Amino acid sequence: MSTITTTDLEAAVEDAAAYLYVWALKDIPQDLRDALADAATRETSVPGQRVLQTILKNVTVAETEKNLVCQDTGIAVYTCRVGEHFPLHPARIYAALKTGTERATVEHPLRSNAVHTITRENTGPNTGYRLPIVHWEFIPDWDGLDVKCVPKGSGSENMSFLKMCVPADGVKGIKQFVLESIVGAGGKPCPPGIVGVGIGGSADYAMYLAKEAIARPIGTRNPDPHVAELEDELFALLNETGIGPMGLGGDVTVLQCHIEHADTHMTLNPVAVNYQCWAARRASAHVGPNGEVEYDREF
Amino acid sequence: MSSKRVNFPATEEAVRELRAGDEVLVNGHIIGIRDRTQIRIFDQGVEPPIDLQGAFLLHTAPGVRKLGPGKYEKVCIGTTTSARMVRFTEPLGRDFGVRAICGKGGLPDEAIEPMQRLGMVYFAIVGGAAALETTQIEEIEEVYWEELMPECLWKFRVKDFGPLTVGIDAHGNSLFHDVQERAKKKLEELNARL
Chain L
-13 MSTITTTDLE AAVEDAAAYL YVWALKDIPQ DLRDALADAA TRETSVPGQR VLQTILKNVT
47 VAETEKNLVC QDTGIAVYTC RVGEHFPLHP ARIYAALKTG TERATVEHPL RSNAVHTITR
107 ENTGPNTGYR LPIVHWEFIP DWDGLDVKCV PKGSGSENMS FLKMCVPADG VKGIKQFVLE
167 SIVGAGGKPC PPGIVGVGIG GSADYAMYLA KEAIARPIGT RNPDPHVAEL EDELFALLNE
227 TGIGPMGLGG DVTVLQCHIE HADTHMTLNP VAVNYQCWAA RRASAHVGPN GEVEYDREF
Chain C
10 MSSKRVNFPA TEEAVRELRA GDEVLVNGHI IGIRDRTQIR IFDQGVEPPI DLQGAFLLHT
70 APGVRKLGPG KYEKVCIGTT TSARMVRFTE PLGRDFGVRA ICGKGGLPDE AIEPMQRLGM
130 VYFAIVGGAA ALETTQIEEI EEVYWEELMP ECLWKFRVKD FGPLTVGIDA HGNSLFHDVQ
190 ERAKKKLEEL NARL
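So the protein sequences, as listed, match chains L and C.
Take -13 as the starting number for the first sequence in this note's numbering and just add one per residue.
Take 10 as the starting number for the second sequence in this note's numbering and just add one per residue.
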């Protein structure tokens, strides 16, 4: 018989959220470090090389100074995979994520970015009405909870684009829109980063899928071979645009292109682009039904 | 490439010596400014409480820890996207004598002509490299308009701040314009291949 009460489990989720938010901001994942180091071996432009060397130095300085990689603590976005038998209701999970975000912001302290969308007045320690943002997935026959924290900076989030292509535009229309979007974004989203593309579904779901795509480990491929082929093709095409690191011109415009897809209506062909900056921060934890927490379980 | 060193506040002559593509390290004093700060100055007509003659403006909203009344220590200071604030470029130079604007991602082409005419430059910093940038800021010396936190008017003392790249010089050159022109031509070629 378990001696853990629901309140303890809520505290465990809250602790995990507070830890994940700060950890994600300070310690970027190894796959990202590898991708940045690899980019530096390929870049031939002088300003591009200067940018990449500065980025690599910055990652090291963040580590030695125990500081944040980037000052933009972003908007806290969590993805939760909740097992059917996880003994804490999502309403309580949401409350725990919100309190955890606030605690991390106050205790570290982190810059608080949240404002009312009309008055622009600060609404609190990186929380507010409908903040943080949480995406949910429910898993049958399971008693665990996976939480991923993706602090999303505004420089890259401002470079989000949606087009309702028509079926006659085909895959070519999708490719053209992604290429135009990234050229138009130039240096603003802190390239080289991860281009997330969502295709199919509906307008809102395509953008959700694009956001899911940027949070994948770098270079992973969509299990659908048609989509994986498009990922490879777009990745190569995007790096031919010459936008380069921080938009100063060069060979490396993106570290990767990830695509998520959904089936759609016969008359729809939506394509959404969501950019993730080079400081592509993410951190994950697994919470067991008794409140035990394991960090860095990637999903 | 070796870096040029420039001290701020700077003269028009010092700024006109710089050319697009130059690598620069900055010393002296720089002023932190952002969307709401400039909306207050230009849209609400509030005179800035510090002299901006020859100033280097940094597009930032720093992460700080409050030590006491009007006194803050740095936590993490980095730089935001400049393009949002392009419409303030000309009045900053014309009305206040600002010599340099520093941010990330570049300024659109409408900044090129006023920068050339008024003798101003745009410095491109590496966005996101805030941990490094924080080590180059020696002290937060002054802060005004604390009610706009974190978008206050900040005065920082810096040492070897950079490396910065001259993105737009005072002679009508813009790296961002050049990169966009080349990329648009390339897009035509890529589209033909799709």
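It is worth saying that the hints were derived from the structure and are not from the lab.
Treat the numbers as computed from the prediction; the structure is a model and nothing was measured.
Ideal Cβ positions, reconstructed from N, Cα and C, are used throughout, including at glycine.
Worth double-checking, as some hints may not be accurate.
[Unchecked claim] Covered stretches of chain C (in silico footprint by chain L; criterion: 3 or more residues with CB under 8 angstroms from a CB of chain L, positions within the stretch not fixed):
| id | segment |
| --- | --- |
| 1 | 32 to 39 |
| 2 | 54 to 65 |
| 3 | 74 to 85 |
| 4 | 108 to 121 |
| 5 | 133 to 139 |
| 6 | 181 to 189 |
Coverage assertion for the segment 54 to 65 of chain C with respect to chain L, Cβ distance below 8 angstroms, three residues required: Violated - the segment 54 to 65 of chain C has 0 residues with a Cβ nearer than 8 angstroms to chain L, which falls short of three.
8 angstroms C-beta criterion, at least three residues: is the segment 108 to 121 of chain C covered by chain L: Coverage by chain L holds for the segment 108 to 121 of chain C (3 residues, Cβ < 8 angstroms).
Coverage assertion for the segment 32 to 39 of chain C with respect to chain L, Cβ distance below 8 angstroms, three residues required: violated (count 1)
Verdict on chain L covering the segment 181 to 189 of chain C, criterion of 3 CB contacts below 8 angstroms: holds (count 5)
Whether chain L covers the segment 133 to 139 of chain C (at least 3 residues having a Cβ closer than 8 angstroms to its Cβ atoms): holds (count 6)
Within 8 angstroms of chain L (C-beta), three or more residues of the segment 74 to 85 of chain C: holds (count 3)
This entry does not satisfy hints 1 and 2, going by the numbered hints stated previously.
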